[in-house]
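Asker: Protein chains in written order, with this note's numbering: chain A, 1 to 113; chain B, 1 to 113.
Just so you know, these hints were derived from the structure itself, not from any lab. Certain hints may be false.
[Said to hold, decoys possible] Sample of chain B residues facing chain A (criterion: CB under 8 Å; computed from the structure):
no., residue
1, Ala24
2, Tyr32
3, Ile34
4, Gly43
5, Phe46
6, Asp49
7, Phe89
8, Lys105
[Unchecked claim] Sample of chain A residues facing chain B (criterion: CB under 10 Å; computed from the structure):
no., residue
9, Asp26
10, Phe103
11, Leu113
Using N, Cα and C, we set each Cβ at its ideal position, and we do this for glycine too.
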Amino acid sequence: NAGVTQTPKFRVLKTGQSMTLLCAQDMNHEYMYWYRQDPGMGLRLIHYSVGEGTTAKGEVPDGYNVSRLKKQNFLLGLESAAPSQTSVYFCASTASSSYNEQFFGPGTRLTVL
Amino acid sequence: GESVGLHLPTLSVQEGDNSIINCAYSNSASDYFIWYKQESGKGPQFIIDIRSNMDKRQGQRVTVLLNKTVKHLSLQIAATQPGDSAVYFCAERMGGGADGLTFGKGTHLIIQP
């Protein structure tokens with residue numbers, strides 16, 4: 001049982017490049033989330049999904065897109081990366097019975113030059 | 001603006017002492033308040049939660065206190081151990097759905113030998 005995994009762990013992009021971050025969970029959780037964490041800050045919600053085929057905007061959705069084609073996977077895309085998107089990105093999932101206890105992945109550290 | 005925040009960015013305690021980490025919130029409509037622990041290089045990990053209609057909740061070596069009069073939340077850790085060294089975040093959630101958590105900025109708990 002791997003829990004929540006994220007790919008890649010590190011990535012460096014140039015301004016304007018695109019990339020996709022992959023999140024996978026093997027706990028059969030319905031709900032999945034993408035957060036970003038900037039230095040000295042708490043986590044801020046980018047997008048989330050309440051089930052396969054559904055997505056919704058969080059607090060800071062601009063510049064990102066997401067897809068949930070399979071229940072176990074949640075993809076975060078950056079179409080045209082900007083330096084302001086330099087951050088650590090965390091994926092999380094939770095079961096419908098306990099929204100408060102989210103299970104987080106190890107994070108992806110993204111640098112945009 | 002941010003509705004959940006912490007009083008101190010850093011807290012240093014002696015090993016074996018009790019630790020008290022504080023959090024102030026502004027959104028009286030939140031239904032749940034949650035504490036997460038984040039160790040260096042890892043994703044946050046759920047510690048304990050409390051519903052807004054409660055004043056106190058205890059877990060293993062941890063106690064959360066909620067004072068709605070002054071909109072204050074605290075996490076007490078008994079007999080602090082080296083493994084407690086981490087950044088602690090308070091978070092809040094509105095009831096009724098899985099639309100993510102709102103995190104505060106975090107307090108770094110440092111354990112002195």
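Asker: Could you run down the list of hints and mark each one as holding or not?
Answerer: Going down the list of hints, with the structure as the test:
1. Ala24: Cβ of Ala24(B) sits 13 Å from chain A, so the hint is violated.
2. Tyr32: 5 Å, holds
3. Ile34: Holds, because the Cβ-Cβ distance from Ile34(B) to chain A comes to roughly 5 Å (cut-off 8 Å).
4. Gly43: With a closest approach of 3 Å, the Gly43(B) hint holds.
5. Phe46: 4 Å, holds
6. Asp49: 4 Å, holds
7. Phe89: 5 Å, holds
8. Lys105: 5 Å, holds
9. Asp26: 16 Å, violated
10. Phe103: 8 Å, holds
11. Leu113: Leu113(A) check fails; min Cβ-Cβ to chain B is 22 Å, beyond 10 Å.
Hint compliance for this structure: hints 1, 9, 11 are not met, and every other hint is.
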